[in-house]
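Student: Residues per chain, in single letters:
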Amino acid sequence: MTREELLQKVKAQLNDKILNFCELSPKRVYITVPPEDAFEACRFLFEECGGRLVTASGVDTPDGIEILYHFGMDGQGMVLTVKTKIPTREDPKIRSIATFLPGALWIEREIHEMLGVEFEGHPDPRRLLLPDDWPEGEYPLRRDFKGVEG
Amino acid sequence: MSIFTKALKKSIWVYHMAASPCNNCDIEILDLLTPRFDVERFGILLVGSPRHADALLITGYINRHVAPRVVEVYKQTPKPCVVFAVGTCACSMGIFAKSYNAAGPLDKLIRSVDPDALIVYVPGCPPKPEAIISAVVKAISAL
Amino acid sequence: MRYLFDFLIFPGFLFTAVVGLVASWVDRKLTARVQWRKGPPFLQPFYDILKLLGKEVIVPEGSKGTGFLTAPLIGLAGVTLVSTILWGANLWGRAFVGDLIVVIYLLTLPSLAIILGGAASGNPISGLGASREMKLLLSYELPFLLAIATAIIKLGGSLRLADYTETLVVGSVSGVIAFIVTLLCAQAKLGLVPFDIPEAEQEIMGGPLIEYSGAPLAAFKLTKAMMLFVLPVFLMTVFLGGFHPKGIHILWGTLKYVGILIVIVLLRNTNPRLRIDQAMRWFWGPWTVLALAGVVLALLGY
Numbered sequence: 003m004t005r006e007e008l009l010q011k012v013k014a015q016l017n018d019k020i021l022n023f024c025e026l027s028p029k030r031v032y033i034t035v036p037p038e039d040a041f042e043a044c045r046f047l048f049e050e051c052g053g054r055l056v057t058a059s060g061v062d063t064p065d066g067i068e069i070l071y072h073f074g075m076d077g078q079g080m081v082l083t084v085k086t087k088i089p090t091r092e093d094p095k096i097r098s099i100a101t102f103l104p105g106a107l108w109i110e111r112e113i114h115e116m117l118g119v120e121f122e123g124h125p126d127p128r129r130l131l132l133p134d135d136w137p138e139g140e141y142p143l144r145r146d147f148k149g150v151e152g
Numbered sequence: 692m693s694i695f696t697k698a699l700k701k702s703i704w705v706y707h708m709a710a711s712p713c714n715n716c717d718i719e720i721l722d723l724l725t726p727r728f729d730v731e732r733f734g735i736l737l738v739g740s741p742r743h744a745d746a747l748l749i750t751g752y753i754n755r756h757v758a759p760r761v762v763e764v765y766k767q768t769p770k771p772c773v774v775f776a777v778g779t780c781a782c783s784m785g786i787f788a789k790s791y792n793a794a795g796p797l798d799k800l801i802r803s804v805d806p807d808a809l810i811v812y813v814p815g816c817p818p819k820p821e822a823i824i825s826a827v828v829k830a831i832s833a834l
Numbered sequence: 077m078r079y080l081f082d083f084l085i086f087p088g089f090l091f092t093a094v095v096g097l098v099a100s101w102v103d104r105k106l107t108a109r110v111q112w113r114k115g116p117p118f119l120q121p122f123y124d125i126l127k128l129l130g131k132e133v134i135v136p137e138g139s140k141g142t143g144f145l146t147a148p149l150i151g152l153a154g155v156t157l158v159s160t161i162l163w164g165a166n167l168w169g170r171a172f173v174g175d176l177i178v179v180i181y182l183l184t185l186p187s188l189a190i191i192l193g194g195a196a197s198g199n200p201i202s203g204l205g206a207s208r209e210m211k212l213l214l215s216y217e218l219p220f221l222l223a224i225a226t227a228i229i230k231l232g233g234s235l236r237l238a239d240y241t242e243t244l245v246v247g248s249v250s251g252v253i254a255f256i257v258t259l260l261c262a263q264a265k266l267g268l269v270p271f272d273i274p275e276a277e278q279e280i281m282g283g284p285l286i287e288y289s290g291a292p293l294a295a296f297k298l299t300k301a302m303m304l305f306v307l308p309v310f311l312m313t314v315f316l317g318g319f320h321p322k323g324i325h326i327l328w329g330t331l332k333y334v335g336i337l338i339v340i341v342l343l344r345n346t347n348p349r350l351r352i353d354q355a356m357r358w359f360w361g362p363w364t365v366l367a368l369a370g371v372v373l374a375l376l377g378y
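For the protein sequence lines, the chains are G, L and R, in the order given. Position one of the first sequence corresponds to residue 3 (the working numbering), numbered consecutively onward. Position one of the second sequence corresponds to residue 692 (the working numbering), numbered consecutively onward. Position one of the third sequence corresponds to residue 77 (the working numbering), numbered consecutively onward.
Only chain G is shown next, with the shape it has when bound in the complex (with noise of 0.2 Å):
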């Protein structure tokens, strides 16, 4: 399908649940979805619009933590990105897509062990890239990270 066809699609299933729809080029949508819709969205995307997961980013901005899922379309040249801020920074939790997405495994665990962010669902919470005896409870690539003794 092309691409006009495919974000036809993507707006007519997630109708009410798109906050922010961005065409930032033509080769990279952003689309903006609350953190609870997050996971319907990228089953969408992967399930039925034949997205491959590219990676996934995790942002610490002022009034959140931002995650970033991308999904390259490559039927249609293009990246779609699905940006979901969730608003509080102590205890942040969304689900996690590595149920149905094995290539997430790994992304999510280190997103968890940098950023904090408790994914539910998750097969293997393990850490992936901090050496063994980092403490707990410090996540390196917060803002208000200070470094850790040792």
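Hints in this document: simulated from the structure, not taken from any laboratory. Quick caveat: nothing in here was measured; it's all calculated off a predicted structure. It is possible that some hints are incorrect.
To be verified - Output of the computed footprint for chain L on chain R, the stretches with three or more beta carbons under 8 Å from beta carbons of chain L:
no.: 1; stretch: 107-120
no.: 2; stretch: 127-137
no.: 3; stretch: 284-294
Said to hold, decoys possible - Cut-off 20 Å, straight-line C-alpha distance, at most; resulting in silico cross-link-like pairs (EDC-like, lysine to aspartate or glutamate):
no.: 4; chain 1: R; residue 1: 114; chain 2: L; residue 2: 729
no.: 5; chain 1: R; residue 1: 105; chain 2: L; residue 2: 729
no.: 6; chain 1: R; residue 1: 114; chain 2: L; residue 2: 821
no.: 7; chain 1: G; residue 1: 19; chain 2: G; residue 2: 7
no.: 8; chain 1: L; residue 1: 700; chain 2: R; residue 2: 132
no.: 9; chain 1: L; residue 1: 766; chain 2: R; residue 2: 137
no.: 10; chain 1: G; residue 1: 85; chain 2: G; residue 2: 68
no.: 11; chain 1: L; residue 1: 789; chain 2: G; residue 2: 7
no.: 12; chain 1: L; residue 1: 789; chain 2: G; residue 2: 146
no.: 13; chain 1: L; residue 1: 770; chain 2: R; residue 2: 132
no.: 14; chain 1: R; residue 1: 114; chain 2: L; residue 2: 722
To be verified - Label-pair ranges, simulated between beta-carbon atoms:
no.: 15; chain 1: L; residue 1: 709; chain 2: G; residue 2: 108; range: 19 to 25 Å
no.: 16; chain 1: L; residue 1: 807; chain 2: G; residue 2: 137; range: 29 to 35 Å
no.: 17; chain 1: R; residue 1: 104; chain 2: L; residue 2: 697; range: 19 to 25 Å
no.: 18; chain 1: R; residue 1: 353; chain 2: G; residue 2: 140; range: 48 to 54 Å
no.: 19; chain 1: L; residue 1: 694; chain 2: R; residue 2: 353; range: 44 to 50 Å
no.: 20; chain 1: G; residue 1: 108; chain 2: L; residue 2: 831; range: 55 to 61 Å
no.: 21; chain 1: R; residue 1: 117; chain 2: L; residue 2: 786; range: 39 to 45 Å
The beta carbon of each residue, even a glycine, is placed where N, CA and C say it ideally should be.
For chain G, the structure is supplied; the task is to place chains L and R on it using the hints.
Tutor: Frame of chain G, contents of chains L and R only:
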């Protein structure tokens, strides 16, 4: 100066250890050992085991995972030995100084184990092979 | 007293060590020239051994200290004895019946020393290197012995080394075949590419010698250098008519030795390294057949 130290100056066997570098310094060290620069005429040979080595070429800013291993390799090298901190990252952690994973520049790590270690700094990002050769020559005259 | 002098000074330990280190310099210089670079200076191998003698000796905790420290001496003693016997036969005709068998037996001692040292090191990598050395030893001894059997048959069954300096075994077809087979087996015995599998530096970090440092390592390196001198002399004695210390024959003898050394070094520089299973198949397959062909031809009189 004893005959053994004189012999050490003429025949330095080198062990290369990459302690979380970006690998540019390793590429320059590899260039050094190719026929173009021909360091064998100074007696420098690359060996495969730290126990055969007289000089440790350590690159990379040391991160927390690899710091205990660098200390182990230093202890396994028979003394007298020289440690070369190759590249800006090994001398002073460079642009990674404030990283959450950094475990101190190389000299802080080695001196915590052996305060009398002979450490040679080769700054540069990456240092040219000629710079590394000149560092080896200076180290030889300081032995 | 005379024997002690022969064993320790000339033509024993000191003579073999010095000439062996010069031979290893020739090897490194020729390798450098083949690679279009200048090589190390003349005294480089001497500096290497001296430097190693001045380093601290570390005996790892998991190793068997006795085996670890005596293994280098076994190899050194073996190669010194071989040199004494060989030069005794060449220079003064001093030989006894069966000394060829003794020399062949003693020539395996350096490899056994590496196996012992590697197995006693307590390191899995050195154990792997020791097992590879064992497999290599098993594979090249077979064609080696068959080729020497050809030479024995050519000389009518004599086992005295001094008799070999009288005849030129390579003057016949079977002699040439046997000489080529022995040359390749010598390459494996010396641990040079394409058969330097046990000590593959890039692959297993020094192999059986990984835990050695200081004086024992110097003993191993010296043994290897001395083998580089002794093995071509053995080849020369058995196949090419030996070294006669009279007049023009001294030059001939030196040229024969240098010729074999150059062939070994050039073979080393132009070939990649084999895997251990390829090397075993190589030795037990085509080369054994060739050596057997040499034996058959010798029996038929060619």
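Student: Which of the stated hints cannot be reconciled with the structure, identified by number in ascending sequence?
Tutor: 11 and 20
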